[in-house]
Amino acid sequence: MAILEVDDLRTYFKTRRGDVRAVDGVSFSLERGRTLGIVGESGCGKSVTALSMMGLLASTARIVTGSIRFDGRELTTLSEHELEDVRGRQIAMIFQDPMTSLNPTLTIGTQITETMRRHLDLSGDAARKRAIELLEEVHITNARQRLDDYPHRYSGGMRQRVMIAIALSCNPKLLIADEPTTALDVTVQAGILDLLEELREEHEMSMIIITHDMGVVAEAADDIAVMYAGQIVEQASAEELFDHPEHPYTEALLGALPQLEGEGVRASRLTAIPGRPPDLVDLPDACRFAPRCPYANPNDECAKHVPELREIRQGHLVRSAHPTSERAGALAGAKP
Amino acid sequence: MVLNPQEESLRETVVSRESEELRFEAGAALRQSSLWRDALRRFTHNRGALIAMVAFLIMLLYVVVTPWIVPYDPNNVDFSASYLTPTWSHPFGTDQFGRDLFLRTALGGRISIGIGFAATVAIMVIGILYGAISGFVGGWLDNGMMRILDALYGLPYLPFAIITLAIFGTVNFWTMVVALTVASWFTTARVMRGQIITLKENDYVRSARAIGARWNRILFRHLLPNTLGLVIVFVFLELPGVVLGEAFLSFLGLGINPPNASWGSLAQDGYTQYLSHPHIIVIPSVAIAWLILSAFFIADGLRDALDPRTEGAA
Chain A
1 MAILEVDDLR
11 TYFKTRRGDV
21 RAVDGVSFSL
31 ERGRTLGIVG
41 ESGCGKSVTA
51 LSMMGLLAST
61 ARIVTGSIRF
71 DGRELTTLSE
81 HELEDVRGRQ
91 IAMIFQDPMT
101 SLNPTLTIGT
111 QITETMRRHL
121 DLSGDAARKR
131 AIELLEEVHI
141 TNARQRLDDY
151 PHRYSGGMRQ
161 RVMIAIALSC
171 NPKLLIADEP
181 TTALDVTVQA
191 GILDLLEELR
201 EEHEMSMIII
211 THDMGVVAEA
221 ADDIAVMYAG
231 QIVEQASAEE
241 LFDHPEHPYT
251 EALLGALPQL
261 EGEGVRASRL
271 TAIPGRPPDL
281 VDLPDACRFA
291 PRCPYANPND
301 ECAKHVPELR
311 EIRQGHLVRS
321 AHPTSERAGA
331 LAGAKP
Chain B
1001 MVLNPQEESL
1011 RETVVSRESE
1021 ELRFEAGAAL
1031 RQSSLWRDAL
1041 RRFTHNRGAL
1051 IAMVAFLIML
1061 LYVVVTPWIV
1071 PYDPNNVDFS
1081 ASYLTPTWSH
1091 PFGTDQFGRD
1101 LFLRTALGGR
1111 ISIGIGFAAT
1121 VAIMVIGILY
1131 GAISGFVGGW
1141 LDNGMMRILD
1151 ALYGLPYLPF
1161 AIITLAIFGT
1171 VNFWTMVVAL
1181 TVASWFTTAR
1191 VMRGQIITLK
1201 ENDYVRSARA
1211 IGARWNRILF
1221 RHLLPNTLGL
1231 VIVFVFLELP
1241 GVVLGEAFLS
1251 FLGLGINPPN
1261 ASWGSLAQDG
1271 YTQYLSHPHI
1281 IVIPSVAIAW
1291 LILSAFFIAD
1301 GLRDALDPRT
1311 EGAA
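Same order as they appear, the protein sequences are chains A and B. The opening position of the first sequence corresponds to residue 1 in this note's numbering, with each subsequent residue numbered one higher. The opening position of the second sequence corresponds to residue 1001 in this note's numbering, with each subsequent residue numbered one higher.
Next comes chain B alone, as it looks inside the complex (with noise of 0.2 angstroms):
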């Protein structure tokens, strides 16, 4: 490809053509958009992610609302009400004590969607901070911080639970967070450092090294923000896993403490009388099943809005 004179004049004209084209097309597209925008767009237009989003919300509005405008006490035992089948003065109908369990399963509701949510907050931090840190410096830390997390891998899911609950020797809102967090931290911190260290390999990250960016830029400025679509589609996976593991656990008694109730411990009262009264355990039991459908849909949805080479496959 040495070129010769008529070669260089028959490239020019190729040339300038070219860029003709290519300002023409530089100034084309000028509606402004973001990654964002683009995947709110292809969220909303995900039916089944769409009814799940709506149905989370319901049952958020279910369970912060309800007590406010109920108007029985939660904890109130009237014999004379005990077993009561839903009607419409009790829509959830009563258990053993005559609770009203539309009032008791909103509480329950609360919760356990405030230990779902505190622990997934407490997963994310703890997982994304273990599994950047890891992913990022690599080498004999990596090494070590992996062989670490395999070996917590190797424990069971609840005994762990149930162990760190035996240490703190009590079991209220804050000890249940604390006991699903580290017995389930696992799999974001694994997950993290993966994706930390694809991304550490991008061409946009070495790019960033040659223009002289230190590591602090490089990790919070070019890594964890594109780690930020993984982490929101981690909390509505996690948020479910949580909320199941500490209805495991009060099912088995060792949830919050009577009267008060989570969806666990709701579907616990239930559960002897399930041939003579199903109401008690099939409502907490629903309700449980309905928030993690719902989480899984978002999910599912959300990674499929997050990661446009997805798009229309969906």
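Bound conformation, chain A alone (with noise of 0.2 angstroms):
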């Protein structure tokens, strides 16, 4: 049974200008022990369609339909008092900016025994205890003594790990880690993400990673789905989109990447994307994609109404009118 499912999840911003549709009818499902990718660029819903399962959106935005479903418990009815107990608890959350996500006032102790002494029924000591296991868990060494410093003392990659550690002490069933890696340096992110991926093993948990790096989906996500403007365009498994991407907007990413091997790499230039994304509160009754997609034209289908999310292959879902396979003079396997 799926620890995840997402139906129908719209969730607005109100603005002076009208509703911002920041998710639009964004529906997945995540299977226990597995990690979904979910990638986009910036604006696209990926953190609001975090949030808005966490219940921790703004107070401007709300969740207009759809249901949250997790572990068999409907999230979107739950009251305030309620979605507190969940989070932190059965869903965990760890943010873009280690540096600013601790308490400069809190030792780094006080802030992860903060969370089990809030879900557990736990001892002072006890905690304590636990917090030195979770420190050494996420490789920092000297944990005991580390324990009484103060945020300031740990470096980047050191409080992110901390941030781990806070989220794992209760246990949960689905971690969120939302562009967990994004304001770390190079060298640092994959070791952070090592470590996501070992411990979601060890606690038997799902994990959620949010990101607009394809780097970081290819090395942490089982699947991935790809969102533009608050839709979820293209769902597959990670290999299966990497090989195969059916999407536009998937293939386009892909080749926006630069290349590091291959016949006149240094010669070659990145490809940008050209437009920009819609404005999401005045949506055309059209593919979102269908002006900066080099295949549409005005005459298609696309330009007349959304797209209808389909399956295109087993397991592969795609909105597009014209994926990569359907397109006139494809050739068997595009390339990324």
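One should not assume that every hint holds.
Said to hold, decoys possible - Partial pick of chain A residues on the chain B-facing surface, computed with a CB cut under 8 angstroms:
id: 1; residue: Thr15
id: 2; residue: Phe28
id: 3; residue: Glu84
id: 4; residue: Asp85
id: 5; residue: Arg89
id: 6; residue: Thr100
id: 7; residue: Ser101
id: 8; residue: Leu102
id: 9; residue: Asn103
id: 10; residue: Thr105
id: 11; residue: Glu114
id: 12; residue: Arg117
id: 13; residue: Leu120
id: 14; residue: Asp121
id: 15; residue: Ile166
id: 16; residue: His305
Treat the hints as calculated values from the structure; they're not laboratory data. Think of the CB as a built atom: it goes at the ideal place given N, C-alpha and C, for glycine as much as any other residue.
Mind assembling these two chains? They're in different frames, but the hints should get you there.
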């Protein structure tokens, strides 16, 4: 059974100009023990999707329709009070910037034990002991001494490790990592991703990694959902998606990555995607990627209504009128 | 960045080297330290603030100890000893009634500083509560509370205090404290609200919410402790204002009743004879200036000490 099932989730932000449809009909499910990567550019709704699940939306945002079933329990109808019991206990979340995610006036130890004392009935001593174990688990040496340090004595990578330790402290069933490596050095990034994968396995968690970095999902995710303008435009297993991308947007994203090897790499330039994402207030009744799509033309079906998310192959969903494999003259196994 | 096996192995080496470095680094910094210890170190390295602190403590010492050791009666009228200039037996001289000013200035200081501290504490409590609630809750409540504050801001400081005193009908230590508090808690509330609003947007507040912390924990554990530095600075910024306000009211004759005196009323006693007997007005005035200046310098030093970003600039 899936640990998490999101069905037709719509989260809108109220603004003076009208509703911003940040998340507009997102559905996916996550099996136990698997990692889902949600990829997309800034403002595509990937973080809002995660925050909707946690019930941590800003006051101007609201979930309009849709259901979020976590472990057989509907989250959208829970009260704030009930959600507080789920957060940190069942679903944990780590955020982008570890430099600011820790309270500078509390010791690392206090901040790790905070979650446990909130959710588990632990004595101070037991919580402290567990905190030391957790710090060791995220590979911070001298854990016992470092427990009483304040956050300013920790480096960025170490702080993210502490954030992970905090997230793991109550053995949550689901860990949401919102851009967990974006604020870190490239070398530290890889270490954090390895750690996340290691711990996910050990703690038998499911994980959602939200990122704009194709490299990160390639490394960490089993399944990938590509989001564009509030919708999932393509969803498949990581291998399938990288080998046979179907949506023109996914193709373009992969094409925009720097190639490190192959013929003529030095001479080649990065390919940018022309145009910009649509305004999420005033969306036309058409494929949202159409204005930037190299294959769309104004007479197409996709200029008249939004394409449905359809299963083009077993386990491979795509929302486009022009998927790679259906394009005229398409080569078998298109190159990314 | 689709990784092929070759890159993978290269990255693996980088990763393992990095984690070794990390371990080394993690084991290195072992000196136990805290924000407050660091702040104290920075404060004691700031010469101006340190001198001000000493000056402040000397003033407190003078005010507290003098009445115990000076052998005069502060209210004993002795016209044969009036208008004495400072001598060894009367270090600050005497006033028109022959009362010892060394003793009376110390007693006046007790009242001035006492009112100052009491009103400052009251201002802090009211200002922090009002500002924190307004900033933390936000929305229409915040809007309403701030508009009320705007309206109060429009009232001029001294008339506001004077009217409050008039409503009480009597002037004593505590009505003075209330009047000064009522007239001057706005700034603290407003600064506090701003601070809470800024802090509220911090990632660690979001993180705290993400682990299921309830509002009371967020407010008292995550937000208010982070304002402590600001509060301490504000104590030393408010104190001079209140002392000055009290002095002003007393100088206008609205202070506490004779024969008791505060620095303001002592200065008022002296101002009619400022040409013939200047020491009577100069001494309490210097005392007021001494206290206010040292408090300001302490506030300045504390602000630098509690904000590590300004380290080195001071």
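Evaluation of the provided hints:
1. Thr15: 16 angstroms, violated
2. Phe28: Interface hint status for phenylalanine 28(A): violated (21 angstroms vs cutoff 8 angstroms).
3. Glu84: Since the shortest Cβ distance to chain B is 4 angstroms, the answer is holds.
4. Asp85: Holds: closest Cβ of chain B sits about 6 angstroms from aspartate 85(A), inside 8 angstroms.
5. Arg89: 6 angstroms, holds
6. Thr100: Result: holds, 4 angstroms to nearest chain B Cβ.
7. Ser101: Holds: closest Cβ of chain B sits about 4 angstroms from serine 101(A), inside 8 angstroms.
8. Leu102: With a minimum Cβ separation of about 6 angstroms from chain B (threshold 8 angstroms), the hint on leucine 102(A) holds.
9. Asn103: 4 angstroms, holds
10. Thr105: Holds, about 4 angstroms.
11. Glu114: 7 angstroms, holds
12. Arg117: Status violated, d = 10 angstroms.
13. Leu120: Violated: closest Cβ of chain B sits about 11 angstroms from leucine 120(A), beyond 8 angstroms.
14. Asp121: The hint is violated - aspartate 121(A) has no Cβ within 8 angstroms of chain B, the shortest such distance being about 14 angstroms.
15. Ile166: 7 angstroms, holds
16. His305: 34 angstroms, violated
In the structure shown, a violation is registered for the earlier hints numbered 1, 2, 12, 13, 14 and 16, in ascending order.
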